[in-house]
Amino acid sequence: MKFLRAATAAGLLAACTGHQASAATGNVLFNGTITATCTITVNSNGTMTVSSNLQSLSSHNAGGSAGSAQVDTTGGVQLSVDPVTTTTVPTSDVTATTWTPTFATTGAQTIAETGTATALTVPGTSTVAVNLAGTKSGTNRFSAGNYQATVTLRCE
Amino acid sequence: MRTIAILAAGLTTALSPVAATSQSMTPMRGEVRSFTDAFAVRVFPGNPYNQRIRVEVHVYDQNFEPVAAKITPSAFLLAGQASRPVLVVVPFDGANERKVRICTESIPFPSEQTQIRAQICGKFFGHRRF
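Chains as they are written, first to last, in my numbering: chain F, 99 to 254; chain Z, 718 to 847.
These are calculated hints, taken from the structure and not from any lab test.
Glycine included, every Cβ here is placed at the ideal spot set by N, Cα and C.
Misleading hints may appear alongside valid ones.
Stretches of chain Z that chain F covers, calculated by requiring three or more beta carbons in the stretch to come under 8 Å of a beta carbon on chain F [what the hints assert, rightly or not]:
id, segment
1, 744-755
2, 763-773
3, 833-842
One chain only, chain Z, in its complex shape (with noise of 0.2 Å):
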């Protein structure tokens, strides 16, 4: 029941997932209200490459320190210009409000150098409503 209203307290704000492909990660902003201790951003990471990659998604504070969130699934592999909704429920940890970043990461091509790990961070915004 509780997992319900936090998935309809996300679900229900205005974060339009339209995910079309060649995006990394949609959306990039959201403000989410939540009755509940935690609030919930479904996000969609995308591979603008055509081949596969394993990506992993990870919620940060805005000192980029780790926050202990639930995301659904964290690590996967993801078809060539293919996108897959990922669930982020974050919790608030005592607070009445929380900024996050939610980013996926690209895991880097193997065997060179300077390897460059790409990062599309989303900022979101949870209020919490009694």
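Next comes chain F alone, as it looks inside the complex (with noise of 0.2 Å):
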């Protein structure tokens, strides 16, 4: 009897020892969303001059400069000028200006210069330069003074 009692331990022992114990494994999983974003940052303001026949009072003119706004954005969005709106002119200036603001872009995305809205659609930096002209036709002309108007430029 206690022959058989220590072979069957010695027998369990030994089929114990083959044995390691196993490993236990998992996965750990990571979500991220990213939204949309987008911000602007305005570099510097534009600078217009008129032109020699004082009919166009532009940021593309000789002497004028264009805005400068930097874009940061994950792509996604859409970047426009508004209409301008808001301007002071002269007192003297009573005729009628046609104010057509434009942006075009390069670094990130590389955009043309335009008016109407465009899709960002590339991740990164986007250097944004924002024009704006002002014109008058006819025998209209751009009087002396201070004159100053307002873009809007949206990224949604």
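Each of the two chains sits in its own frame; use the hints to bring them together as a complex.
Here it is as structure tokens:
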């Protein structure tokens, strides 16, 4: 009987020594969702100069400069400029002016100069050049004094 | 009680307000279900500049017509590299759903000939549930 017990114990021990504790594994999942984001940082405002025929007041004219802004985006947004509604003109200027805002981008995404809303599909930083041109038609002319206009640059 | 319901409806949506610095406004997209006659959205305007700026929040419809929404606060000074929550409560005005734009606008630098006003608009869709 003693021999039988000893033999059984020895057999069980021998059977167990060949086995290793099995390692348990599990996967830990990470999810992240990035929604569309957009940041506009205005670097500098623009300057308009008058043309020699006094019918154009534009940042495109000689001596003028475009406004500059930086747009950081994930993509999936749209960039646009609003029609100009806020202007300051000299009291001597009583004739109508047509204001045309435009923009162009370089950097992460290049957009040729346009006045229509354009999708920003490439993530990254783009530099936006904002231009504004005021024009007078017929015999109307820009007059001496201070002009000021506000262009709304929108990212949505 | 009504205000609490509106807030709950708005805040339990999937609008994750993860506000990181140097973002002008987050989130920029959202869909809200509400059981009341208004829906609420919390947005986080941010100031990417290093100096304090004045920020205004406006609500427009799809045609950029102003919407009579309750904006708290609607205009404020924001420190450089900072963001803060703004609660916007938009009435359905009898409709079952409403699409609005919530726009954060920065006030342009003064004394320049051509000023640039930066405007970041988010698109939000409110559904009314009965």
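Going down the list of hints, with the structure as the test:
no.: 1; hint: 744-755; in the structure: holds (count 3)
no.: 2; hint: 763-773; in the structure: holds (count 3)
no.: 3; hint: 833-842; in the structure: holds (count 8)
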